[in-house]
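2 protein chains.
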Amino acid sequence: MVKSPSSAELIGQLFGGDRQAAARLITRVENRTDDHQEIMKQIYPRTGHAMIVGVTGSGGVGKSSLTDHIIQKFRARGQTVGAVLVDPSSPFSGGAFLGDSIRLQRHTRDDGVFIRSLASRGYRGGLSRATYDVTRIMEAMGRDVIIVETLGAGQDEIDVVHIAQTCLLVISPGMGDDIQAMKAGIMEIADIIVINKADLNGAENCRRHMEAALNTRSFTQGQWVPRVIPTISVATKPALLRGIEALMDAIADHQKFLHATGAMEKAKLDRIEQELGHIFRDELQKLVVQSLEQTGKKETYIRHILDGRSDPYSVVHEILRTCIRQENGERGPTRSDGDD
Amino acid sequence: MVKSPSSAELIGQLFGGDRQAAARLITRVENRTDDHQEIMKQIYPRTGHAMIVGVTGSGGVGKSSLTDHIIQKFRARGQTVGAVLVDPSSPFSGGAFLGDSIRLQRHTRDDGVFIRSLASRGYRGGLSRATYDVTRIMEAMGRDVIIVETLGAGQDEIDVVHIAQTCLLVISPGMGDDIQAMKAGIMEIADIIVINKADLNGAENCRRHMEAALNTRSFTQGQWVPRVIPTISVATKPALLRGIEALMDAIADHQKFLHATGAMEKAKLDRIEQELGHIFRDELQKLVVQSLEQTGKKETYIRHILDGRSDPYSVVHEILRTCIRQENGERGPTRSDGDD
Numbered sequence: 001m002v003k004s005p006s007s008a009e010l011i012g013q014l015f016g017g018d019r020q021a022a023a024r025l026i027t028r029v030e031n032r033t034d035d036h037q038e039i040m041k042q043i044y045p046r047t048g049h050a051m052i053v054g055v056t057g058s059g060g061v062g063k064s065s066l067t068d069h070i071i072q073k074f075r076a077r078g079q080t081v082g083a084v085l086v087d088p089s090s091p092f093s094g095g096a097f098l099g100d101s102i103r104l105q106r107h108t109r110d111d112g113v114f115i116r117s118l119a120s121r122g123y124r125g126g127l128s129r130a131t132y133d134v135t136r137i138m139e140a141m142g143r144d145v146i147i148v149e150t151l152g153a154g155q156d157e158i159d160v161v162h163i164a165q166t167c168l169l170v171i172s173p174g175m176g177d178d179i180q181a182m183k184a185g186i187m188e189i190a191d192i193i194v195i196n197k198a199d200l201n202g203a204e205n206c207r208r209h210m211e212a213a214l215n216t217r218s219f220t221q222g223q224w225v226p227r228v229i230p231t232i233s234v235a236t237k238p239a240l241l242r243g244i245e246a247l248m249d250a251i252a253d254h255q256k257f258l259h260a261t262g263a264m265e266k267a268k269l270d271r272i273e274q275e276l277g278h279i280f281r282d283e284l285q286k287l288v289v290q291s292l293e294q295t296g297k298k299e300t301y302i303r304h305i306l307d308g309r310s311d312p313y314s315v316v317h318e319i320l321r322t323c324i325r326q327e328n329g330e331r332g333p334t335r336s337d338g339d340d
Numbered sequence: 001m002v003k004s005p006s007s008a009e010l011i012g013q014l015f016g017g018d019r020q021a022a023a024r025l026i027t028r029v030e031n032r033t034d035d036h037q038e039i040m041k042q043i044y045p046r047t048g049h050a051m052i053v054g055v056t057g058s059g060g061v062g063k064s065s066l067t068d069h070i071i072q073k074f075r076a077r078g079q080t081v082g083a084v085l086v087d088p089s090s091p092f093s094g095g096a097f098l099g100d101s102i103r104l105q106r107h108t109r110d111d112g113v114f115i116r117s118l119a120s121r122g123y124r125g126g127l128s129r130a131t132y133d134v135t136r137i138m139e140a141m142g143r144d145v146i147i148v149e150t151l152g153a154g155q156d157e158i159d160v161v162h163i164a165q166t167c168l169l170v171i172s173p174g175m176g177d178d179i180q181a182m183k184a185g186i187m188e189i190a191d192i193i194v195i196n197k198a199d200l201n202g203a204e205n206c207r208r209h210m211e212a213a214l215n216t217r218s219f220t221q222g223q224w225v226p227r228v229i230p231t232i233s234v235a236t237k238p239a240l241l242r243g244i245e246a247l248m249d250a251i252a253d254h255q256k257f258l259h260a261t262g263a264m265e266k267a268k269l270d271r272i273e274q275e276l277g278h279i280f281r282d283e284l285q286k287l288v289v290q291s292l293e294q295t296g297k298k299e300t301y302i303r304h305i306l307d308g309r310s311d312p313y314s315v316v317h318e319i320l321r322t323c324i325r326q327e328n329g330e331r332g333p334t335r336s337d338g339d340d
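Chains as they are written, first to last, in my numbering: chain W, 1 to 340; chain Y, 1 to 340.
Because the hints were derived from the structure by calculation, they are not lab data.
Please note that a few of the clues may not be correct.
[To be verified] With beta-carbon atoms standing in for the labels, derived distance ranges: (1) 234/Y with 225/W: 49 to 55 Å; (2) 225/Y with 212/W: 31 to 37 Å; (3) 222/Y with 38/W: 32 to 38 Å; (4) 208/Y with 110/W: 49 to 55 Å; (5) 293/Y with 264/W: 24 to 30 Å; (6) 3/Y with 225/W: 32 to 38 Å; (7) 221/Y with 31/W: 32 to 38 Å; (8) 297/W with 222/Y: 28 to 34 Å; (9) 237/Y with 297/W: 56 to 62 Å; (10) 77/Y with 199/W: 25 to 31 Å; (11) 220/Y with 35/W: 35 to 41 Å; (12) 216/Y with 264/W: 48 to 54 Å.
Yeah, the Cβ is synthetic: ideal placement off N, Cα and C, and Gly gets one too.
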């Protein structure tokens, strides 16, 4: 049997850019091994320097082929790329986008591209946090650019805004009502609005809609005005692709804008604040689970609620008091239960 | 100006079945008014008696029209219905399914139907909890049956299993790969698999797939074997609808099964356990936010992380120690920071 390398060894290899070490460390962090916090602590100081681009949008708009082209363009410029593909809609797919392995296969022989898929499985309530961790690991690996692709679905769609410095919202013509619904708020997260499948009917209409929606907003001087970029990311031959270069230019312009205005720092602080929140929730939950198990009264509590003798709010407050006392090392006389 | 009624008044009206009172209380609980926990505590003892049916599936499978028919059938049998429509994919739609108001409009004049839509907006990380709360309020209102419809998207798709006693998974022919992906696990949450749009090509194929997938699982004696029910919930005339009665029978059979085997109690305990977890997380987070604000050091912490002088894990542990000390009313000499 081959002894599996220690996390310290893997971290050393990670800093050297080793993909296998990265993959293994990600797995350890995902699985919440005993030393996962220690791993993240050591990795942390080596992070914070990558360009992070978010790609979000509903299913079927061609996000993946777009991501694929973006990766290629960055590679052509000599930059190394990490990509995190987040699919919150696949709770059961076991950690992989449908078909992404096929789609992004051509990159697998390129050491400069490192791809990791995250589905909801195993991340109950924690897919966002996993995304943050994986992004950090890719940074520590030395990737120049990190792309975080998320299927537009609830929480995670919003979270990409906090991780990414430059956020692409990908839509396609014919989404109809969806776009109407989006207008209200989702556009506000986008630095660049990509109208993909621009060869389809309705693309021009879609573009007008987007620009009209942008025009209803007032931008103060010094504020970034989102660009609308039509693209064709799937075509029978390369000559029929459109807009990818324009998109790359828009990304570069937005990055320049962030650096020039100090907004980049704000983006980085925002990312850290979100990260802190995720870690907090996780740690607190651990505390509660431990305490509940220590009391050995979980079943009793639940049954009391079922029987109408208590309610979850009263139980939570009672347990919190107990758990806080214990965490603080006080196991003296218990306080009266009636003082809440 | 009309004085808004007190929560106590509204709760009284709620127990009398008042829809407006229910709507107002839900809004208060959603908005986390100061007394929202008190509201829920008072409501709690009046809950736990409704039949709860979950309806989940991807977009476009016809969940809503199916829900619509189910509501009608329950109403025709004289039962009152509450419906919670959860759309985790609409973070920005401001609390309403696209078009559900139109779709379910015909019920609005029927006092026996009370519908509430929940989108992700305003529920950062808390859409599931909101769903639990709204379900309880509808129970306290005296609804006989509660339908929880969720768009199949990640976390919330799983959560419906814990709220609902009887869980319907709705699929439609032509979902192709999706179904393959689902097979692995999503089918395990379904008590009844509804193949909607059964008039479409591939319906028979789809049914065979589902049944084959079920056959690969081994069911022990006394375990519920999921039913596969083909339906047509959208048709140009009522005579073309199919399978709705069969579906109602399957729901009734599953409910009988739950009662006969004691599985109903298990379902109810499971629901409470999940609820406890949600409330816990919420309360803990409040604790943290309060503590962070009290320390007044949030910005400093974040900047230290940005500057590489600290990392989020160390910060979280430091704050936790502080916050736990404070919660415990100890503001004496601070412990050394180096003892972690």
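Item to check | Verdict for residue 208/Y, residue 110/W (Cβ pair) under range 49 to 55 Å | outcome: Given range 49 to 55 Å: violated, Cβ gap about 42 Å.
Next on the checklist: Tell me if the beta carbons of residue 237/Y and residue 297/W are separated by a distance inside 56 to 62 Å.
Outcome noted: holds (58 Å)
Checklist entry - CB of residue 3/Y to CB of residue 225/W, is that within 32 to 38 Å? => result violated (45 Å)
Item to check | 32 to 38 Å as the expected CB spacing between residue 31/W and residue 221/Y, which holds or is violated | outcome: holds (35 Å)
Next on the checklist: Quick check: does the Cβ-Cβ distance between residue 225/Y and residue 212/W fall within 31 to 37 Å?
Outcome noted: violated (54 Å)
Checklist entry - Within 48 to 54 Å or not, the Cβ separation of residue 216/Y and residue 264/W? => result Hint holds: Cβ distance 52 Å, inside 48 to 54 Å.
Checklist entry - Should the hint that residue 222/Y and residue 38/W are 32 to 38 Å apart at their CB atoms be regarded as holding? => result violated (46 Å)
Next on the checklist: A range of 28 to 34 Å was offered for this pair. Does it hold for the Cβ distance of residue 297/W and residue 222/Y?
Outcome noted: holds (30 Å)
Checklist entry - For the pair residue 234/Y and residue 225/W, does the Cβ-Cβ distance stay inside 49 to 55 Å? => result With a Cβ separation near 42 Å, residue 234/Y and residue 225/W fall outside 49 to 55 Å, so the hint is violated.
Item to check | Range hint 24 to 30 Å (beta carbons of residue 293/Y and residue 264/W) holds or violated | outcome: holds (27 Å)
Checklist entry - Is it true that the C-beta distance of residue 77/Y to residue 199/W lies inside 25 to 31 Å, as the hint says? => result violated (52 Å)
Item to check | residue 220/Y paired with residue 35/W, Cβ distance criterion 35 to 41 Å | outcome: Holds - the Cβ-Cβ distance for residue 220/Y and residue 35/W, about 39 Å, lies within 35 to 41 Å.
Hint compliance for this structure: hints 1, 2, 3, 4, 6, 10 are broken, all remaining hints hold.
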